[in-house]
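Colleague: Residues per chain, in single letters:
Number of protein chains: 2
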Amino acid sequence: MAQNIYDNPEFFAGYSRLPRQVQGLGGAPEWPAIRAMLPDLNGKRVVDLGCGFGWASRWMRKQGAASVLGLDLSQKMIERARADTGDAAIEYRIADLDALALPEAAFDLAYSALAFHYVRDFDRLVRTIRKALVPEGQFVFTIEHPIFMAAQNPQWLDGEDGRKTWPVNGYAIEGERRTDWFAKGVLKYHRTFGTTLNTLIEAGFQIRRVEEFAPTPQQIQTTPQLAEELERPMMLLVSAS
Amino acid sequence: MAQNIYDNPEFFAGYSRLPRQVQGLGGAPEWPAIRAMLPDLNGKRVVDLGCGFGWASRWMRKQGAASVLGLDLSQKMIERARADTGDAAIEYRIADLDALALPEAAFDLAYSALAFHYVRDFDRLVRTIRKALVPEGQFVFTIEHPIFMAAQNPQWLDGEDGRKTWPVNGYAIEGERRTDWFAKGVLKYHRTFGTTLNTLIEAGFQIRRVEEFAPTPQQIQTTPQLAEELERPMMLLVSAS
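If you read the sequences in order, they're chains X and V. Numbering-wise, the working numbering puts 132 at position 132 of the first sequence, and it's gapless, one number per residue. Numbering-wise, the working numbering puts 46 at position 46 of the second sequence, and it's gapless, one number per residue.
Chain X on its own, in the form it takes in the complex (with noise of 0.2 Å):
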């Protein structure tokens, strides 16, 4: 079973004080880049894998999605879930991307962002995630960077000029990687770029669009604070079919 996190309670107070978790996907500056991403929601049946507090879940319900299943591995973001949302046609369920079980050829659309990096065996993930799809299915996730993870001390360096630099080391060595983030050993999995893409591409899928979040000029203006953004990609975004 995959290290929860979230259910730790040192863990949950931090993390849902971010920004995003408070104010939602208007809180995440990648936004705008997902939701250009994301197919026509009209009718749609979705899974929203690693759905926590249901944020994308409800929006995608309010776009015209016919039917939405949340899945998170913590209980207490599934409880807060079900406690913000009132709607019959969202359900949310416990559920452990790295044993996940889906019925074949149920959704239009599978949804996914920032969890898959928790994930021990992505192959196994992506070849439910096909077979759950009907054959014209979508599926539009985001992940954290590999140029964020790889390093054994992925933090800020002052490079010349006082320029942030990002370091970058043990990339092609993939596998756990422990940070503190809200907690102490925090358990991620670093996979190459290579691999992300060449695991959907075996497992069936087209890509069809790969961003790398970079803030937009307006976006920095508003919150100075993304220009680091410019310096490395934090977040991967792939849109695939």
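None of these hints come from the bench; they were simulated from the model. Hints may contain errors.
Pairs involving identical chains hold if they fit within one copy or between any two copies, as the list cannot separate such chains.
As the list claims (entries may be wrong) - Computed list of lysine-lysine pairs in DSBU-like fashion (alpha-carbon distance at most 35 Å, straight line): (1) Lys184 with Lys76; (2) Lys188 with Lys62; (3) Lys76 with Lys131; (4) Lys188 with Lys164; (5) Lys62 with Lys184; (6) Lys76 with Lys62; (7) Lys188 with Lys131; (8) Lys184 with Lys164; (9) Lys131 with Lys164; (10) Lys188 with Lys76; (11) Lys131 with Lys62.
Place chain V on chain X using the hints.
Modeller: For chain V alone, coordinates are given in the frame of chain X:
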């Protein structure tokens, strides 16, 4: 016109002594990975973009390619390629990839090794290649990896515990990069991973495989200095159709 650094005598002298120029394909550690991405060459009409001394052009003919058109900006490279080749089915021509014109539907395979990072207008080039290929044609190329290219000063840093660490900054800021490599101010063009793949997809290509060259344990045993290539990828290999 693209910067023609290869005809700079100082550059050419240094470049010509690289193991991959002296020994040919066997001197390039990524060659086995490229070879695994190439289709069966038997009867194929190939265009080799940035053919240099013609090592790959000649190899492809030995594998059964019907014809090879080798293109390079450098007069010195083309002269040497012609001198080293005695095969009427291989033609070498001086060509600027930033102003390339090719006949339509004339090739089964477009191949390029470590040339496209000198190209300013990648979109134009990719569309030209798309039109030059037959509908079921294939496109295999290698390019300097965006992780390797991005930083203002792309040189190893001493990380913690003496671990070699590669700097990344300015990743989202695409465009000119100038580095010193056998000559001062060699001009290259940084593009993100996303831009590279999306340019292919938007031109009508389907991504088949993406590799970020990393040495095998056996290669590291034979050539210990290759171990640093595990820390950060220097080359990106892409197969599309």
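Colleague: Checked against the structure, which of the hints given earlier come out wrong?
Modeller: Numbers 5 and 9, in rising order.
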